[in-house]
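> Chains as they are written, first to last, in my numbering: chain A, 1 to 357; chain B, 1001 to 1340.
Worth double-checking, as some hints may not be accurate.
[Claimed, not checked] So these bits of chain A aren't anywhere near chain B, every CB distance computed over 10 Å:
| # | residue |
| --- | --- |
| 1 | Val95 |
| 2 | Glu174 |
| 3 | Arg270 |
| 4 | Arg277 |
| 5 | Leu305 |
| 6 | Asp333 |
| 7 | His336 |
| 8 | Thr338 |
| 9 | Glu343 |
[Stated by the list, open to error] Quick look at which bits of chain B chain A covers, simulated, 3 or more residues with Cβ under 8 Å:
| # | segment |
| --- | --- |
| 10 | 1062-1075 |
| 11 | 1078-1086 |
| 12 | 1161-1167 |
| 13 | 1186-1195 |
| 14 | 1254-1263 |
| 15 | 1314-1328 |
[To be verified] Derived lysine to aspartate or glutamate pairs resembling DMTMM-like cross-links, with alpha carbons at most 20 Å apart:
| # | chain 1 | residue 1 | chain 2 | residue 2 |
| --- | --- | --- | --- | --- |
| 16 | B | Lys1125 | A | Asp333 |
| 17 | B | Lys1318 | B | Glu1301 |
| 18 | B | Lys1018 | B | Asp1070 |
| 19 | B | Lys1125 | A | Asp125 |
| 20 | B | Lys1048 | B | Asp1070 |
| 21 | B | Lys1125 | B | Asp1062 |
If you're looking for bench data, these hints aren't it; they were derived computationally from the structure. Cβ atoms here follow ideal geometry from the backbone N, Cα and C, with glycine treated the same way.
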Amino acid sequence: MTRTTSRPRRRREQDPTPSGTEDPEVLLGHYRRMLLVRRFEERAGQEYTRARIGGYCHLNLGEEATVVGLMAALEPTDYVFTSYRDHGYALARGVDPGRVMAELFGRATGVSKGWGGSMHLFDVDTRLLGGYGIVGGQIPLATGAALAVAYRQGTEVVLCHMGDGATNIGAFHESLNLASLWRLPVVYVVVNNELGMGTPVERSSAEPELHRRAAAYRMTGERVDGNDVLAVRDAARRAVERARRGEPTLLETMSGRLRGHSVVDPARYRTPAERDRLAQADPVARLRGQLLAAGVLTEQAAEALDAEVGQVVEAATEFAEHSPHPEVDTLFDHTHATPVPGETRRLPADPLFPEDQ
Amino acid sequence: MVAPAMDRTVKTASATQKLTMAKGLNMGLRAAMEADPKVLVMGEDVGKLGGVYRITDGLQKDFGEQRVLDTPLAESGIVGTAVGLAIRGFRPVCEIQFDGFVFPAFDQIVSQLAKLHFRSQGRVKMPVVIRIPFGGGIGAVEHHSESPESYFAHTAGLRVVSCSNPLDAYWMIQQAIECDDPVIFFEPKRRYHERAQEVDLSVPPQPLFSSRVLRQGSSATLVCYGPMVRTCLDAATAAAEDGIDLEVIDLRTLSPLDLDPVFASVRKTGRLIAVSEAPRESSLTAEIATRVQQECFYSLEAPVLRVTGFDTPYPPSKLEDDFLPDLDRVLHAVDRSLAW
């Protein structure tokens, strides 16, 4: 039978050599992807304030170790569902940064052809089956995708990412109950940044140690330090292996959010002390320091990596900027999969009666 | 376009048989499951029990617990899970036990089911059918007698249909399952077990998203769907005794609406009465009236009239007969239209 654990957060800060037996190339790969998410998101924030990105824009700043650690635990054939804070997951899943930035810019070259925007990245090729704009909207869908895998007796796993706020919607309960009852190959990951927009998790969840909720479903629950890429990756790997045996997991990663809920949120609810604490825990700076201390990375190599990643983000932004907007005549293209009898596809400026033309 | 299920017409001597609507739906579901192994049936008590109305009776026994899933009481979970199944290529058919129980799943239907084809820009199809027994007339109360079809017809990305007779039930459920778009399938529950009708299963069905003229007439037109079709046909029979010749059109499809036969009818009769159990405000009958006055303005001899439920929550069973449009209310509207 499964069990519920309440592990203390792992502390690797004191460990100057996170590598241990880890291949330096793998460590550098993780670091590069975290850096890419960091620089991409910083740029997205800038482009938003320059009004080149419309709508809302939720950044993974501070979540890089969790993003990269989770994605590193998956096979290319596994499936990912995320919340609206999805840019980093697309990047770490291997989606071209230009196509992600173009989507944020609302351009036709974006992963969702410019129609999805920041919150609805969707890429069938990398099996990223959606960012979802409704809090928790993805949870039952991921459960259904896992049911499809189980039905076909497949070996793929579905990873369902959500924020701490999503654990309070009804569908969270319905889905975890189903997943455990039907032994589905799914890993639910709660990225706990301890704030639902501005409300602390203690003020919205009666059990603020969210991984403990797994007990209600006889499911394994585990909490890890979300600022530690290796801890996240290894915990996710264990969860993925369990999922392949039909044992779902509720994995909670404690991961700070360096900025507000979205780009337009100034996060006035935060105290200076909290900001200091978050800066201290910055996962990108921390890994960089560790890799430098361990000799895996030199200052020179780190600067070269900065420059290289900066180039990638610059190129992605230029690609987005020079990509076309969707044509207005595509407005009706994908509302339905099959033709709609009697559909007029009439735009506002078109004549009321076509025969008057 | 949804191809009519031509290859499933019955060619044997038993092609003509007596069917209730419940039996027609059951046979249609069975035929769809036999034709396509990707069709799954899921819902509360749809397996062992065969559903509250026994529409899925015997399916789990014959197709197994894998394909006919008894789910927990969790509509949001049922529909959301079905969406996930559809993303991975299945064709789930969800049963919502009663009309009013669909609201916990409303978010999944409106926010996910209706929009994923659009959101994926065509790369993911949503061939999900949500079966909803709807309407009153069974002495139940709110949550069990409601007519929520307008909510869904108002949502782009969904198709909404309603069957009114056993033969349509048999074909329409199969056509809905074959459709690559999500279909909300409204079943008039009070007609499930009405007396069986003689039907011929060897005749190919008409396209799913099309309405049908059930009775030709020249005095005025009644347009209706679902449970009100029987009421309107009865009204037409009664009116004929008074020399009033009513045309009756069964809409069958509520989104998209197929109003060309209605326009043609109104150009002939000059009068239209739209009949529905649903409350009146912002309902499908309002949409019909608007489109008819736009298309048939110079043909109308009287304003379009409506006979509907009232703008109240569904009443207790003792008041039900006052709430539901009946033969008298329909005939009264016909008289008003003719006297205009």
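> Would you mind marking each hint as holding or not holding in the structure?
To see whether the hints hold, each was checked on the structure:
No beta-carbon of chain B comes within 10 Å of the beta-carbon of A:Val95; the shortest separation is about 14 Å. A Cβ of chain B approaches the Cβ of A:Glu174 within 10 Å, the least distance being about 3 Å, so the stated non-interface status is violated. Listed as outside the interface, A:Arg270 is consistent with that label: its C-beta sits roughly 30 Å from the nearest C-beta of chain B, beyond the 10 Å cut-off. Every Cβ of chain B is farther than 10 Å from the Cβ of A:Arg277; the closest lies at roughly 36 Å, confirming the non-interface assignment.
The beta carbon of A:Leu305 sits about 34 Å from the closest Cβ of chain B, which is more than 10 Å, so the claim that it is off the interface holds. For A:Asp333, the condition that its CB be more than 10 Å from all CB atoms of chain B is violated, with the nearest at approximately 7 Å. With a cut of 10 Å on Cβ distances, A:His336 falls inside the contact zone with chain B, its closest approach being about 5 Å. A beta-carbon of chain B is positioned within 10 Å of the beta-carbon of A:Thr338; the least distance is around 5 Å.
For A:Glu343, the non-interface assignment is contradicted: its Cβ lies about 7 Å from the closest Cβ of chain B, within the 10 Å cut-off. Check result for the segment 1062-1075 of chain B against chain A: holds, 4 residues qualifying (beta carbon to beta carbon below 8 Å, three or more required). Beta-carbon proximity to chain A at under 8 Å applies to 8 residues in the segment 1078-1086 of chain B; the threshold of 3 is reached and the given coverage holds. By the rule of at least three residues with a Cβ nearer than 8 Å to a Cβ of chain A, the coverage given for the segment 1161-1167 of chain B is violated, with 0 such residues.
A count of 0 residues in the segment 1186-1195 of chain B with a Cβ less than 8 Å from any Cβ of chain A is obtained; the coverage claim is therefore unmet, three being the minimum. Look at the segment 1254-1263 of chain B against chain A: 5 of its residues bring a Cβ nearer than 8 Å to a Cβ of that chain, three or more, so the hint holds. With a cut-off of 8 Å between beta carbons, the segment 1314-1328 of chain B has 0 residues touching chain A; three or more are needed, and the interface restraint is violated. Taking the CA atoms of B:Lys1125 and A:Asp333, the gap is near 13 Å; set against the 20 Å cutoff, the hint holds.
Straight-line distance between C-alpha atoms of B:Lys1318 and B:Glu1301 comes to about 38 Å, which puts the hinted pair past the 20 Å bound. Restraint check: the Cα-Cα separation between B:Lys1018 and B:Asp1070 comes to about 30 Å, which exceeds 20 Å; the hinted pair is violated. About 15 Å separates the Cα atoms of B:Lys1125 and A:Asp125, which keeps this hinted pair within 20 Å; it holds. Between B:Lys1048 and B:Asp1070, the direct Cα distance comes to roughly 8 Å. Compliance with the 20 Å bound is thereby established for this hinted pair.
Taken as a hint, the B:Lys1125 and B:Asp1062 pair is broken in the structure, with Cα atoms around 28 Å apart against an allowance of 20 Å.
Against the hints set out earlier in the document, violations occur for numbers 2, 6, 7, 8, 9, 12, 13, 15, 17, 18 and 21.
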